[in-house]
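Undergrad: In the order they appear, the protein sequences are chains A and B. So the first sequence is numbered by the working numbering: it starts at 1 and just counts up by one. So the second sequence is numbered by the working numbering: it starts at 154 and just counts up by one.
Hints should not be assumed to be uniformly reliable.
BS3-like cross-link-like pairs, simulated, lysine-lysine; straight-line CA separation at most 30 Å [what the hints assert, rightly or not]:
#	chain 1	residue 1	chain 2	residue 2
1	A	K100	A	K33
2	B	K575	B	K632
3	A	K100	A	K125
4	B	K632	A	K52
5	A	K33	A	K118
6	B	K296	A	K33
The hints are simulated quantities; they were obtained by calculation from the structure and are not laboratory data. Computed from a prediction, not measured in an experiment: that's the story for all the values here.
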Amino acid sequence: MAELRYPARVYLLVALLGAMTLGYSLSRIAEAKEYQDAYPFRAQFARLAGVKPLIAGERQVGYLCDQDPRRQAYARLYFPTQYVIAPTLLVPLEDAPSAKIVLGNFTRQEDYAAIGRKHGLEPVKEFPMGVVLYRRMAAPAPGNPVPALPQPQ
Amino acid sequence: MDLLPILLAILAGLAPVAALLPETHVANPETPRRFGFLPGTPALLLLWASLAFPLGSSGIGLANFALLLAGIDSPWAAYGLVVAISGTFWLLLIRRKQGRNARLAPSSGPDAAPPFPLNWLLALVAALSVMAVLVAMAGILAKSPHGAWDSWAIWSLRGKFFAAGNGFWRNAVDPGFHLSHPEYPVMFSSFLGWSWRLVGMENVAVPQAVGYAFLLSLIGIVGAGIGLLRRASLAWMSVPVLLTPIVMMTVPASLYADLPMGTLSAAAAMVLLLGIASSLDVRCCALTGIFASFCVWIKEEGLLHLAVLGVVALAFAWLARQREPQWWRPVAAFAVSAAPASLFFAWFRFVFVPGASRFAGGGGSSATGGSLFDRVLDLSRYAEIADQIWRMLATIGGLLTHPLMFLAVVLLLLGIHRQRTKSPAFLAACAMLALLWAGYLVSFVLLSARPGTVLAASLHRLWVHTWPLLVVVVFLMTKTPEDLAIPVPARLSRTERKGAKAARGRSRKGEV
Chain A
1 MAELRYPARV YLLVALLGAM TLGYSLSRIA EAKEYQDAYP FRAQFARLAG
51 VKPLIAGERQ VGYLCDQDPR RQAYARLYFP TQYVIAPTLL VPLEDAPSAK
101 IVLGNFTRQE DYAAIGRKHG LEPVKEFPMG VVLYRRMAAP APGNPVPALP
151 QPQ
Chain B
154 MDLLPILLAI LAGLAPVAAL LPETHVANPE TPRRFGFLPG TPALLLLWAS
204 LAFPLGSSGI GLANFALLLA GIDSPWAAYG LVVAISGTFW LLLIRRKQGR
254 NARLAPSSGP DAAPPFPLNW LLALVAALSV MAVLVAMAGI LAKSPHGAWD
304 SWAIWSLRGK FFAAGNGFWR NAVDPGFHLS HPEYPVMFSS FLGWSWRLVG
354 MENVAVPQAV GYAFLLSLIG IVGAGIGLLR RASLAWMSVP VLLTPIVMMT
404 VPASLYADLP MGTLSAAAAM VLLLGIASSL DVRCCALTGI FASFCVWIKE
454 EGLLHLAVLG VVALAFAWLA RQREPQWWRP VAAFAVSAAP ASLFFAWFRF
504 VFVPGASRFA GGGGSSATGG SLFDRVLDLS RYAEIADQIW RMLATIGGLL
554 THPLMFLAVV LLLLGIHRQR TKSPAFLAAC AMLALLWAGY LVSFVLLSAR
604 PGTVLAASLH RLWVHTWPLL VVVVFLMTKT PEDLAIPVPA RLSRTERKGA
654 KAARGRSRKG EV
C-alpha cells in the first residue's frame, strides 16, 4: 500500500481543535467554580424540618402565604417549600378552601393566629422563620369534626 | 447502590437495541467496520450501550407509571415488565434474523483507506472535552445538588411524588399541582421516582447519576453514530464539537428534562439515519419508532420530534419505492413501534389530564396573544424571536470557542464532500433538522404569551434538543482527513531511478 501524506490544513485542524477544546474546557471549569446557587436549599430543609414529620402521612395539605400569587416572589417561596415537603402536595388555599390541615409560609413576622382566623384556621404549632401549621377550626355543624393533630411518622 | 437504577436500565435496553440494530451498518459498503485504533466493531458496541440507557430508562419510567395506574406499586414489578417485553422482543427477532443477516453479511476486506494516523490525538482531545464538561458539571452540582428551577419545581419534584407510591404519585398529575405542570408528560419523573424507590432513599445522587448517564449516552450516540456512518477521525472530532455550547454543561447540571429530550431525539435520528444508510432497514425503523414515541413522553416538544421523524421515514421510504417494491414496510415498522407509547400518551393527555392540558383550553391564550391569525401576521413576534435567537447564539460560547466557530473551522479546513451531500443519510438529516427548526419557529410564533418573554427563559435549553443533529449534519457532509490523504510514491532504488530517467529522456525525444 502506498504511503499517505496529509495536507497541512488537516494538521492545522487537529491543532485548532485541540487548542479551542483546551480553551473552552478551562473556561467551563472556571465558570463552574464561579457558579452561585440562586436558591440554596439548605436553609429550606432546616426551616421545614419540624413540620415535615407532622404532615408526612397527608397526601395534600392547604397552603397559605403572605405573598401575592401573581408575583414571582410567591413562586419563589412556594416551590422550594413544596420540594422539601414532597410527597405531600401543597394546594393553595384558594383551590382547597376546606382543607383541614394548612401550612402557613410567611415572609414577615405577624400575628399568625389572626391570619389563620380569617380563613377559619387555628394554629397547631408555630415553627421558626415564618412556618406555621394550622388546622381548620371546629365547625358548628356536628358532622364536621375538628381534625386530629397529625402525628409524626 | 445509587448506580443500580442506571445499570438495570442499561441491561433492560440492551436486548432490544442489540436485536434491532444488529450490525446494520455493514449493509452500507461505504461505512468502515473498524473504529480508529480499536479492533473489531467497538463503535457498534458503544452505540448499543449508548442507546440502551435512554431506551431502558424510558421503558421503565413508562412501565412504572402504567403499573401505578393499575394499582401495582412495586419497582421490581415495573422492571420485570420491561425485561419481559425486551426479552420477548429479542427472542422473536433472533429467530428471524438468520436469513436477513446473511443478506447483510459484511465484506471481509479492510476499509478503503487506512485510518488517520493522528486518531489517537483526536481521541485525547475528545476525552479532554468530556472530562472537562463532567468536572464542570460536578462542580455545579456540588453547589446546587438539587439542580435548577425546573428540576425542583417540575421534574425531580414529581419524581418525589412517584417515589412515595401509595397514591402520593397522583399528586404529580393532580389539578391542585397547577402552579407547576400536572399536564406535562411523566416518564422522566416516573423513572426518577422508580430509581429512588429502588435504592430505598430519596437522595440527590440518583437524579445526578441519571443526568450524567444521559449526557454520556448523548455523546456516545453522536460519536459512535458518526463513526459508523463516516470515519473514526470524524467521530473523535464530533465529540469536542458537540460539547462546545455552554448549555451542554449547564442544562445537564440543572437536571432538566431537556437533556433526556435531546438524547432521545438524537437516538431516534441516528438510528433512522443508520437505517436509511442501510437501505431502510426495517428493524432500524422499528427502533426509531420506539425512540420517537418515547420523545413525546419526555417533553411536549417530543410531539414535534415524533411527527418529523415519521414524516422523514415516510418520505425516504416513498422516494425509494422504485428499487424497493415493499417500501411501505419500514414505514409500517415505524408506525407499529411508535403506536403503543403514542396512543398511551394520547390517552394521558386528552383523557387522564384533560383539564390541565394546554390543548384543552384556548380562551386565555387568545386573550393575551390575539387570535392565531393575528399572531401569524404580527411581525413584532418574528423580531422578538430573531432577537432572542441572536442573544442565545451570542451567549452559548466565547468568541474563539463558539460552537459555530468550531463547525466553521471543521467545514473550512476539511471542505465539503460533494458526493456525500447527495447521500440519502445526509439529506434525511438535513430534512429532519430543517423540519424541527421550522416546527419550533411555528410554535414560537403561535405562543399565546409574547415569544420574547418565553424564549428568554427557555431558548438556551431548547438548543440542546437540536444541536446534536446539527453536529451530525455537519460531520455527514465534510470530507474526512482520509479523503484528503495524498499517496506518496514509493522511494525507488538506484537502478529504478536510472531506468526512470532514461525513460523520461526517451519520452522527451518522442520515442515510444
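Undergrad: With reference to the structure, classify each hint as holding or not holding.
TA: Results of checking the hints against the structure:
no. : hint            : verdict
1   : K100/A x K33/A  : violated, 46 Å
2   : K575/B x K632/B : holds, 13 Å
3   : K100/A x K125/A : holds, 14 Å
4   : K632/B x K52/A  : violated, 61 Å
5   : K33/A x K118/A  : violated, 48 Å
6   : K296/B x K33/A  : holds, 9 Å
The earlier numbered hints that this structure contradicts are 1, 4 and 5.
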